[in-house]
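Peer 1: Can you build the whole structure from these sequences, using the hints too?
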Amino acid sequence: MLAGAAGLIGGAVLAGVPSAMGAQQVAAPAAPAIVVPPDATKLQGAPTSPVGARSPFVAPVRTPTGEVTGFSLTPLQDLTGTITPADLHFERHHAGVPRIDPARHTLMLHGLVERPLVFSVDDIKRFPQVTRIHFIECSGNSRAAYREPKPTMTPQLSSGMIGNTEWTGVPLKVLLAEAGVKKDATWFLAEGGDACVLTRSIPIEKAMDDALVVWAQNGEPLRPEQGFPLRLLLPGWEGNTNVKWLRRLELMTAPAMTRWETSKYTDPLPDGTAREFSFDMDAKSVITSPAHPQTIVRGWRPLTGLAWSGRGAIRRVEVSTDGGASWTDAELQGTPLPKALVRFTHQWEWDGREAVLLSRATDES
1 MLAGAAGLIG
11 GAVLAGVPSA
21 MGAQQVAAPA
31 APAIVVPPDA
41 TKLQGAPTSP
51 VGARSPFVAP
61 VRTPTGEVTG
71 FSLTPLQDLT
81 GTITPADLHF
91 ERHHAGVPRI
101 DPARHTLMLH
111 GLVERPLVFS
121 VDDIKRFPQV
131 TRIHFIECSG
141 NSRAAYREPK
151 PTMTPQLSSG
161 MIGNTEWTGV
171 PLKVLLAEAG
181 VKKDATWFLA
191 EGGDACVLTR
201 SIPIEKAMDD
211 ALVVWAQNGE
221 PLRPEQGFPL
231 RLLLPGWEGN
241 TNVKWLRRLE
251 LMTAPAMTRW
261 ETSKYTDPLP
271 DGTAREFSFD
281 MDAKSVITSP
291 AHPQTIVRGW
301 RPLTGLAWSG
311 RGAIRRVEVS
321 TDGGASWTDA
331 ELQGTPLPKA
341 LVRFTHQWEW
351 DGREAVLLSR
361 ATDES
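Going by the numbering used here, the first residue of the sequence shown is number 1, and it counts up by one from there.
These are computed hints drawn from the structure, not numbers from a lab.
Treat the hints loosely; a few may be bogus.
Each pair of labels, with its calculated beta carbon distance range [stated by the list, open to error]: (1) P293 x A31: 45 to 53 Å; (2) R99 x S365: 35 to 43 Å; (3) D123 x T253: 26 to 34 Å; (4) G299 x P60: 20 to 28 Å; (5) W327 x Y146: 20 to 28 Å; (6) D184 x T48: 56 to 64 Å; (7) P293 x I34: 38 to 46 Å; (8) C196 x W327: 40 to 48 Å; (9) P37 x G334: 32 to 40 Å; (10) P64 x C196: 13 to 21 Å; (11) V118 x E220: 20 to 28 Å; (12) F127 x T262: 30 to 38 Å; (13) P268 x P293: 41 to 49 Å; (14) S365 x R147: 24 to 32 Å.
It should be emphasised that the depicted structure is a prediction, and the values quoted were computed from it without experimental measurement.
For each residue, glycine too, the CB sits at the ideal point set by N, CA and C.
Peer 2: Here it is as structure tokens:
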């Protein structure tokens, strides 16, 4: 049974006792005591600041884990809408975040091309740019929910290795056209500039489709943990292929068979073999409210969450409040974008008894 308000990949358990999700059946609340707040019109406001900050009463956190080879998780239960603030977007790295001077950083494009090229960051920014909204999801997202489901697992802990933001950059195919792609080039190798030199082999078809070399996120330069000054963006594909701190692209006739695609990011199969490449992220959904550690009361309330797919736009989300015995279509907010998060909602009347909440998503593929 899936538990924990998004508990685990679209599931939640509600009970008439405080043990599950902090939910409990309560009597009608007593009339609150009248407290007169301070008159803000009689107080001097704070001065302007060079960078905006959140209210001291709002403190979402990414819950970092590890110091060098570590990760942090997006606080899904604390967010509204679909856009993830850049400073709350999950991060994942294997050797710490490098400090890179953009004035000295370059991107080499070589291999099976007519004209090997080296671009500065300013060179990249001179090309026609595009801005698109896409999610990035770590291939290990939700593994904690699969391994050890717990009613106290928040959406952040169960599914927080995902973020959905606005990315600005240049289509990779534009850079490849500048260099001239040779006919026998079928793959390219993307190399990062971090201490572990993460490298991934990518089919050339992805480069000619929707791949981007990006330098901005949500209208500002990439944060260092998101790949400043340049990163590869492969919409809908597993997070580790979206190479950060991008410094080299080499066109070739076959995969490079790097350690990151032969031992680190493969899919073990029951017969002892492993599937080497599985790029697309599957359709998924997660309930973000109600969620642990919320306490709710009987009555009507919105059941809301997020859905996404690496194969296109979400077309349908269904929710169940009885553990999957019956399903109801949820309402999708706005027009679902391809390879981006969409928020869903469903008005639900809780009667105070135990309820198992589930969600499932269907994409356009």
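Peer 1: What are the numbers of the hints that this structure violates, sorted from low to high?
Peer 2: Structure breaks hints 1, 7, 13.
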